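Put chains B, C and D on the given structure of chain A with help from the hints.
Listed below, chain by chain, are the residues.
Number of protein chains: 4
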Amino acid sequence: MRKYAIIGVGHVGATIAYTLVCKGIADELILIDTNTAKARAEQLDLQDAQARLDSRTIIKINDYHELADTDILFITSGNIHALDHASGNRWAEFDYTKEIVQAIAPKVKASGFNGVAIDTMNPCDAITHYFQRATGLSRAQVFGTGTFLDTARMQKVVAEVFDCDPKNISGYVYGEHGESQFTAWSTVQVNGVPITDLVDSHHLDLDALEAEARHGGWAVHSGKGYTSFAIATCAVKLSEAVFANARLACPVSAYSETFDTYVGQPAIIGKNGVESVTTLALTADETAKFQNSANTIIEKFHAFDDALTQPQAPLQKLA
Amino acid sequence: MRKYAIIGVGHVGATIAYTLVCKGIADELILIDTNTAKARAEQLDLQDAQARLDSRTIIKINDYHELADTDILFITSGNIHALDHASGNRWAEFDYTKEIVQAIAPKVKASGFNGVAIDTMNPCDAITHYFQRATGLSRAQVFGTGTFLDTARMQKVVAEVFDCDPKNISGYVYGEHGESQFTAWSTVQVNGVPITDLVDSHHLDLDALEAEARHGGWAVHSGKGYTSFAIATCAVKLSEAVFANARLACPVSAYSETFDTYVGQPAIIGKNGVESVTTLALTADETAKFQNSANTIIEKFHAFDDALTQPQAPLQKLA
Amino acid sequence: MRKYAIIGVGHVGATIAYTLVCKGIADELILIDTNTAKARAEQLDLQDAQARLDSRTIIKINDYHELADTDILFITSGNIHALDHASGNRWAEFDYTKEIVQAIAPKVKASGFNGVAIDTMNPCDAITHYFQRATGLSRAQVFGTGTFLDTARMQKVVAEVFDCDPKNISGYVYGEHGESQFTAWSTVQVNGVPITDLVDSHHLDLDALEAEARHGGWAVHSGKGYTSFAIATCAVKLSEAVFANARLACPVSAYSETFDTYVGQPAIIGKNGVESVTTLALTADETAKFQNSANTIIEKFHAFDDALTQPQAPLQKLA
Amino acid sequence: MRKYAIIGVGHVGATIAYTLVCKGIADELILIDTNTAKARAEQLDLQDAQARLDSRTIIKINDYHELADTDILFITSGNIHALDHASGNRWAEFDYTKEIVQAIAPKVKASGFNGVAIDTMNPCDAITHYFQRATGLSRAQVFGTGTFLDTARMQKVVAEVFDCDPKNISGYVYGEHGESQFTAWSTVQVNGVPITDLVDSHHLDLDALEAEARHGGWAVHSGKGYTSFAIATCAVKLSEAVFANARLACPVSAYSETFDTYVGQPAIIGKNGVESVTTLALTADETAKFQNSANTIIEKFHAFDDALTQPQAPLQKLA
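Sequence lines, in order, name chains A, B, C and D.
For the first sequence, position 166 matches number 331 in this note's numbering, and the numbering has no gaps at all.
For the second sequence, position 204 matches number 369 in this note's numbering, and the numbering has no gaps at all.
For the third sequence, position 164 matches number 329 in this note's numbering, and the numbering has no gaps at all.
For the fourth sequence, position 121 matches number 286 in this note's numbering, and the numbering has no gaps at all.
These are calculated hints, taken from the structure and not from any lab test.
All values derive from a computational prediction rather than experimental measurement.
Treat the hints with care, since some could be wrong.
Pairs involving identical chains hold if they fit within one copy or between any two copies, as the list cannot separate such chains.
As the list claims (entries may be wrong) - Derived lysine-lysine pairs resembling DSS-like cross-links, with alpha carbons at most 30 Å apart:
1) Lys-272 with Lys-454
2) Lys-465 with Lys-332
3) Lys-274 with Lys-465
4) Lys-454 with Lys-203
5) Lys-332 with Lys-225
6) Lys-225 with Lys-274
7) Lys-454 with Lys-274
8) Lys-465 with Lys-225
9) Lys-436 with Lys-188
10) Lys-168 with Lys-454
11) Lys-203 with Lys-332
12) Lys-168 with Lys-465
13) Lys-454 with Lys-225
14) Lys-454 with Lys-188
15) Lys-274 with Lys-168
16) Lys-203 with Lys-274
17) Lys-188 with Lys-168
18) Lys-332 with Lys-272
19) Lys-274 with Lys-332
20) Lys-332 with Lys-454
21) Lys-465 with Lys-188
This is chain A alone, in the form it adopts within the complex (with noise of 0.2 Å):
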């Protein structure tokens, strides 16, 4: 059986609820929210659609001991309206969503959960370290969304240039889910062609390119006020990948043993969450963006001192 909990059922949370059951991939599923009315009426529109989808999905809510047996646990909580708009600043939501971490993850912990939990919330490299830190989860159960959001919008934008198949491109974001993120273009191929190929004879602008699906998020923030169905995509994406033991490879914010931080970049998705992570041969100048990347996560990570100074839960080697 997929067991599935979700804490926290705004946009994402219920876009993700709604795609486990429109497509029957949930066998059951809990959702968790502070907002009792909120995660009663998700579970009541579910509920309500049962009888017109072929698939059966068990919902229940805001009972932390079902996840003693969760197998997948999104973390989706957060205030879309402590967004910085103007500054396109995902940090500003840390102070917010820390403190949301900070009341879910004893919980978590307390409830015996041992499966794979999946963080969408934002900052999200910084919120995965930390909720991985404050359950004592393993760092191979606990891996966040990260650059798999990015890298699906860098494969649309360059994907609309070629007018093809955004699948066709393959190629890797790596980096912050966030300002500091960018374009492996060395990793880029377009219908197999590496794209720095491509650039002469297609008058590509590559720094224009990357900053187009950097910054396609604030697009799809600006016209609806927030983001739901890509993220929910990719986090379901993943969850199915666990689910099988596919041995997927997607970039996700998954923690580097080199930089010392979760940061995005390409891992193995398997049955225990991250099965490995690939390292693959950057440019110089890549390598020195990966290396920024990092310390910008790192650096903000530390700013919040409580963040720290609580006990932490001994750290575990990567299975």
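Only chains B, C and D this time, still in chain A's reference frame:
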């Protein structure tokens, strides 16, 4: 190719769009909204998801010309804020939504659209009727989700009592997608047993169950501020029955020759939209309720003079 | 994680496997067949498809130890060539398939399997009974597809007369998955109307319709040499109801306390397998046919002495 | 509406049909086979499944007139028994399948079919070429599954070595869907790393891997007597790219201006069929192999005089 269009990308329209994209149902999808930034944001959010989906849907926005060869058109505009929460009165929306339909219908007509239009706007029955008249589309081609959703809620409510799958509950909610609707209990079976045979043994309060189903939308609305998942699921399911010419039995808001109004009743949905309506042997009490509910729709519809005084397209016989 | 196993990868078993893989239903799948080359070939063919599917399923072969934590086990072995085409007699398979079950059951028992077993082997009712006894699994845990397929055929046959979706036809075929089965017409509705009310107006010959449904398998068999798609679809749907604990109403071959045999009848399918059987108010004629069909199963079952003289596991009450 | 037709309902054609029906991809499906009883049996078996599926597909048989407005036509006829098992030689089928195409093509032409035709018959490249000429359909409209399947097998074989998802392996098998095919290792990446960089560290024998991929079909064939699931999955995926105008990069048997023959190579698949072919910078060795494989196809194709001496439709430029 399955070509869809959605006019109005609020919560309902956007969720329909997401369902069509994430399940690979639509090959092409046109999103239309007077709020261009919103339409563009939904387009972007859905396109961002495409690299993570196995299927692909071409998504365009705000071009009525695309309706000329569109197969299915969802009408989902509406101002959720106009709802009168206190009274639970879907009619409160009519003034507002009528204006929307007045703006939309001529454009739909001018586009040359000749597919099937499915309305989810409230008050559903009256708006569907108005839209059908204003566009000159046939009564077969235009129908509303009507009591398809209310019936799903009835199935859920009854299924909870009997601890079974909502799909085990057959039968129909008739009438207005609103307060005057009623569950025709004579049509309802639980696992193949007429529910009327189970009233005593299970101490059922059918009136209470009916009320719970009828107010299901408000229960959702009060917690999340709108409803989206169940109504979108219903709308999509109806559209699939049209594409496949499934001739699937569904209670929808269809034109009634008897009452000369659109009203919720079982109908056969196929490639032409409403292929026929199904006449069941209701009890005298149910028949009276049906008449009453139809009267309620007609009365309110007539109250809107401008809806009637504008030149009407010649009425066409049900195909 | 959804873990499935299939014993017997002939046409039915292989089609079940393909359905589970191509729809992303199974996370892990064990194929078992005495013909190792066949099991290996099906594994390879399914694995070759994986690069083209969005989902992933881990596929292993011929290891009974894997059954220890398997959730759903399909029993699909059987020698299609043993069928007596001339008589349309599914019992002709019993001698052969009984030997197969005699070989399989101890291995299943020894594996520690404790999930739900769904039998598609013919004669379905007797083999299901035999397998349940021989493995010592509970009567809830073991059931057969039985008349779930025959009911689907009845729905199709009736739907063709009324030119509508087979899903518009409710009601059940009862009894043996074989010649003594019957359609309980008192349970059948067409678009919500009792079919018995439509006999005159539509000049229906219910006996002819029943015969057409009963012989549906032979119609397929005579053209392609076996049946596969419908039976696989039925088997997979039942398994999904178990995983989701859907408590879905389905006619299956379930143990009847009344008749002390497995026999096709409506039941509620949930996480324990058969959660309960549903007793409908059949007509006197239908009740007699049901008794007769159960007697047919029992009589033939008893004819196989060795099936009864071997030590039996203690019978367990239906959960 | 998505309208499909399949000519030839042997194992491949029937499995394609089942995939289209069980996943709800096709709205209408035409099955054509000279063995009417077989076509009828497959139709019945698929129709028997419909009451258990959420979607519906209208299924008809043996009417070439239906091709006039068919969107996708699969050509899957072929005599599996003509295969020369000992030699692993797909060409052994040509004499037989050519006759089939000679019989089919005029009927397809006469039907007014103007959609996209996808050939799975072997020898795939030559038969595809023959069918394109004989029908007068454009070279864009007609293509073969070709090395789309061989590439999937290569991905599987390499993925097993690296214990990861086959979808993590990018790159292409080029050339004949037959013995002269080759894996263009310069195009292959494992989790984003060029496989040529991993040969030493992982002690890879690329020739052995290539051979395993090339003979993947025979491995399946030797165990089950035919191949079905992977080829059907590939064929359906290509058709979905056409419906959605996905412009998806896929290695298929497409017409090559360079070689003046159909041959396996990466192409962009969209609404017109083959929208363009993709030219990658192969190594000198790979280029030689590609030329050689194309020559093999041409040589064998020319050997069939009657294939060339019949009046040809005027060749059309690739759209």
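So, going through the hints one by one against the coordinates:
Taking the closest pair of Cα atoms, Lys-272 and Lys-454 never come within 30 Å of each other, the shortest separation being 37 Å inside a single copy and 51 Å across copies. Taking CA atoms no more than 30 Å apart as the test, Lys-465 paired with Lys-332 passes in neither setting, with 34 Å inside one copy and 36 Å between copies. With identical chains, the CA atoms of Lys-274 and Lys-465 are at most 30 Å apart within one copy only, with a shortest distance of 25 Å there and 56 Å across copies. Neither within a single protomer nor between protomers do Lys-454 and Lys-203 lie at most 30 Å apart by alpha-carbon distance, with minima of 41 Å and 34 Å respectively.
Taking CA atoms no more than 30 Å apart as the test, Lys-332 paired with Lys-225 passes between copies only; the shortest distance there is 19 Å, against 36 Å inside one copy. Proximity of Lys-225 to Lys-274 under the C-alpha cut-off of 30 Å is restricted to the intra-copy arrangement: shortest distance 20 Å within a copy versus 35 Å between copies. Taking CA atoms no more than 30 Å apart as the test, Lys-454 paired with Lys-274 passes in neither setting, with 35 Å inside one copy and 55 Å between copies. Taking the closest pair of Cα atoms, Lys-465 and Lys-225 never come within 30 Å of each other, the shortest separation being 36 Å inside a single copy and 40 Å across copies.
In this homomeric assembly, Lys-436 and Lys-188 come within 30 Å of each other (Cα to Cα) both inside a single copy, at 21 Å, and across copies, at 20 Å. Neither within a single protomer nor between protomers do Lys-168 and Lys-454 lie at most 30 Å apart by alpha-carbon distance, with minima of 39 Å and 43 Å respectively. For a Cα distance limit of 30 Å, the shortest separation of Lys-203 from Lys-332 across copies, 26 Å, qualifies, whereas the shortest one inside one copy, 36 Å, does not. Taking the closest pair of Cα atoms, Lys-168 and Lys-465 never come within 30 Å of each other, the shortest separation being 34 Å inside a single copy and 43 Å across copies.
Taking the shortest alpha-carbon separations for Lys-454 and Lys-225, neither the intra-copy value of 44 Å nor the inter-copy value of 36 Å comes in at or below 30 Å. Neither within a single protomer nor between protomers do Lys-454 and Lys-188 lie at most 30 Å apart by alpha-carbon distance, with minima of 39 Å and 37 Å respectively. In this assembly of identical chains, Lys-274 and Lys-168 lie within 30 Å of each other by CA distance both inside one copy and across copies; the values are 17 Å within and 27 Å between. Taking CA atoms no more than 30 Å apart as the test, Lys-203 paired with Lys-274 passes inside one copy only; the shortest distance there is 24 Å, against 40 Å between copies.
Taking identical chains as interchangeable, the C-alpha atoms of Lys-188 and Lys-168 lie at most 30 Å apart whether they share a chain (14 Å) or sit on different chains (19 Å). Proximity of Lys-332 and Lys-272 under a CA criterion of 30 Å is satisfied in neither setting, with 39 Å inside one chain copy and 36 Å between copies. Proximity of Lys-274 to Lys-332 under the C-alpha cut-off of 30 Å is found in neither arrangement, the shortest distances being 38 Å within a copy and 35 Å between copies. Taking the shortest alpha-carbon separations for Lys-332 and Lys-454, both the intra-copy value of 25 Å and the inter-copy value of 28 Å come in at or below 30 Å.
Within a single copy, Lys-465 and Lys-188 get their C-alpha atoms no closer than 38 Å, and across copies no closer than 39 Å, so neither meets the 30 Å cut-off.
Of the numbered hints listed earlier, those contradicted by the structure are 1, 2, 4, 7, 8, 10, 12, 13, 14, 18, 19 and 21.
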